[in-house]
Amino acid sequence: MIVTAAVTGFARCFTGVRAHWLGCAPALVPRIYFANHTSHVDFVLIWTVLPPAQRRVVRPVACADYWLANRLRRLVSEQFFRAVLIYRNPEPLRHPIGLMANVLDAGSSLIVFPEGTRKTGPERLLPFKSGLYHLARSRPHVELVPVWIENLSRVMPKGEIVPVPLLCSVTFGAPLRMFDGEDKTAFLDRTRHALLELRRDRNIAP
Amino acid sequence: MTATGQGIALFAGIAGVLVIASTIGVMLQRREATTGRNAVIENLNSRIKTWWAILLALWLAFWLGDAGAIALFGLASFASLREFLTLTPTRRADHLALAIAFFVVLPFQYYLIWIRWYELFLIFIPVYAFLLLPIVAALRGDTAGFMPRVAEVQWGLMICVFCLSHVPALLTLDIPGYEGRHLLLIGFLIIVVQFNDVLQYVWGKLFGRHKIAPQVSPSKTVEGLVGGVLSATLVGVGLWWITPFSPWQAGAIALVINLMGFFGGLVMSAIKRDRGVKDWGQTLKGHGGILDRLDSVVFAAPIFFHLTRYWWAA
Numbered sequence: 023m024i025v026t027a028a029v030t031g032f033a034r035c036f037t038g039v040r041a042h043w044l045g046c047a048p049a050l051v052p053r054i055y056f057a058n059h060t061s062h063v064d065f066v067l068i069w070t071v072l073p074p075a076q077r078r079v080v081r082p083v084a085c086a087d088y089w090l091a092n093r094l095r096r097l098v099s100e101q102f103f104r105a106v107l108i109y110r111n112p113e114p115l116r117h118p119i120g121l122m123a124n125v126l127d128a129g130s131s132l133i134v135f136p137e138g139t140r141k142t143g144p145e146r147l148l149p150f151k152s153g154l155y156h157l158a159r160s161r162p163h164v165e166l167v168p169v170w171i172e173n174l175s176r177v178m179p180k181g182e183i184v185p186v187p188l189l190c191s192v193t194f195g196a197p198l199r200m201f202d203g204e205d206k207t208a209f210l211d212r213t214r215h216a217l218l219e220l221r222r223d224r225n226i227a228p
Numbered sequence: 020m021t022a023t024g025q026g027i028a029l030f031a032g033i034a035g036v037l038v039i040a041s042t043i044g045v046m047l048q049r050r051e052a053t054t055g056r057n058a059v060i061e062n063l064n065s066r067i068k069t070w071w072a073i074l075l076a077l078w079l080a081f082w083l084g085d086a087g088a089i090a091l092f093g094l095a096s097f098a099s100l101r102e103f104l105t106l107t108p109t110r111r112a113d114h115l116a117l118a119i120a121f122f123v124v125l126p127f128q129y130y131l132i133w134i135r136w137y138e139l140f141l142i143f144i145p146v147y148a149f150l151l152l153p154i155v156a157a158l159r160g161d162t163a164g165f166m167p168r169v170a171e172v173q174w175g176l177m178i179c180v181f182c183l184s185h186v187p188a189l190l191t192l193d194i195p196g197y198e199g200r201h202l203l204l205i206g207f208l209i210i211v212v213q214f215n216d217v218l219q220y221v222w223g224k225l226f227g228r229h230k231i232a233p234q235v236s237p238s239k240t241v242e243g244l245v246g247g248v249l250s251a252t253l254v255g256v257g258l259w260w261i262t263p264f265s266p267w268q269a270g271a272i273a274l275v276i277n278l279m280g281f282f283g284g285l286v287m288s289a290i291k292r293d294r295g296v297k298d299w300g301q302t303l304k305g306h307g308g309i310l311d312r313l314d315s316v317v318f319a320a321p322i323f324f325h326l327t328r329y330w331w332a333a
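These protein sequence lines map, in sequence, to chains X and U.
Offset between the first sequence (1-based) and the working numbering: plus 22.
Offset between the second sequence (1-based) and the working numbering: plus 19.
Calculated from the structure, these hints are not laboratory results.
Beta carbons: idealized from backbone N, C-alpha and C, even for Gly.
Do not take every clue at face value.
Claimed, not checked - Reference excerpt, derived from the structure (chain U facing chain X, CB under 10 Å, subset only):
(1) Met46
(2) Arg50
(3) Glu51
(4) Ala52
(5) Thr53
(6) Thr54
(7) Leu106
(8) His114
(9) Val124
(10) Phe127
(11) Gln301
(12) Pro321
(13) Ile322
Stated by the list, open to error - Pulled a few chain U residues facing chain X out of the computed Cβ check, cut under 7 Å:
(14) Arg56
(15) Ala118
(16) Tyr137
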């Protein structure tokens, strides 16, 4: 509890983060929150703005190569955030989609970053990897909620060590579902477009 | 009356004004409840609630003494600079310069007030930060928009840190016969300038007809300016007893800082308009960001500081 208060308190003080629930309200049903990926701590910001009840049942999907690299990261990711850790190059025994689907079946929600990698260039949002499509197809009844994280890439760009305090916001859009027989390209385009719609650009250079 | 007694009287007086404002707010709300919602009255009431929170923060800081006041305005600088730079188009190459601005320049400027090193306080940001930060940015090698980027970061530091730090710097002035009462001088500046903002708003809402600068700030009117500045100047005259000034001097100084406060609001509005936003942030419910509340103080503080220092300090 103290650690939770410390983490959310720090995130709030540092980034003044605000949540905008534009397309939906917080709910306890299993959901897939899919967000733009700007830094290793993206999910912390989403996690901070979720109400405590939702926070307890949401699990971020994160990169095992990074989060298992040392004991502190392992402790933080596994024990504290209960992250679903996925290896970049899955071994035959670990099926990432199956792993994520099991989490949804157990009643938890997921936070995923369908770009797969953090942006470094000027693009607003990289093309989505196919993971989101396979996940949605394996659990077609689960709501997909687009979540736009504004400004965090400026707080902590890839490769920087010291974060800079700038105001961030997290915008939740209207839930989507996969259409029957929707093909992969159309689905990934539609979801990516829904995420881009939530941008709150204010003349800020990329 | 002792300094503490005057301080208590001052806070009690402001609390009294807020009690009256809250009562009027509730009455207006009740009257409008029959005709439906009124955005202006709802905004008025959330502004008044935020004023109570600001009064509480000021009271806590003053209760802690000089250190509390320096810390409070240091935090206000931090929040203002964060709002300013959030809306400034910086690039990745500015990252280190921004980190230095927040974590080195800002705390050091307030530390200089604490150790009363006046000469360095005056030139640290206009000379040292001014020359150091572009070097840091240039070393990163990204030249796109270099001049505007560097200039805007420096401007943010000047406004949000350098100018604002002149409020607690009043504590370092050595004014004969005014020993131990410097917090009241801060109180005078803040109260007069904030009353000026509030009274301009009230006069403008009640009698505003002729817009001064419709392209910059549609809410600023001639009626609001004249009525607000004159009535806030009278507030300044009425507060002469907490200052080292005579009533006439208090009035003259109040007039100057009220005009500066008005133009501060105008300049900061021009920046907001150019950026396409209405407010700097959302920290203060009803008001917008911290910088929306402090834009007038930022422009008034250095002038108030230097007028007082030139004519009254030893």
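Verification of the supplied hints:
no.	hint	result
1	Met46	violated (32 Å)
2	Arg50	violated (32 Å)
3	Glu51	violated (28 Å)
4	Ala52	violated (27 Å)
5	Thr53	violated (31 Å)
6	Thr54	violated (30 Å)
7	Leu106	holds (6 Å)
8	His114	holds (5 Å)
9	Val124	violated (13 Å)
10	Phe127	violated (16 Å)
11	Gln301	holds (6 Å)
12	Pro321	violated (25 Å)
13	Ile322	violated (29 Å)
14	Arg56	violated (21 Å)
15	Ala118	holds (4 Å)
16	Tyr137	violated (28 Å)
Of the hints listed earlier, those the structure fails to meet are numbers 1, 2, 3, 4, 5, 6, 9, 10, 12, 13, 14, 16, in rising order.
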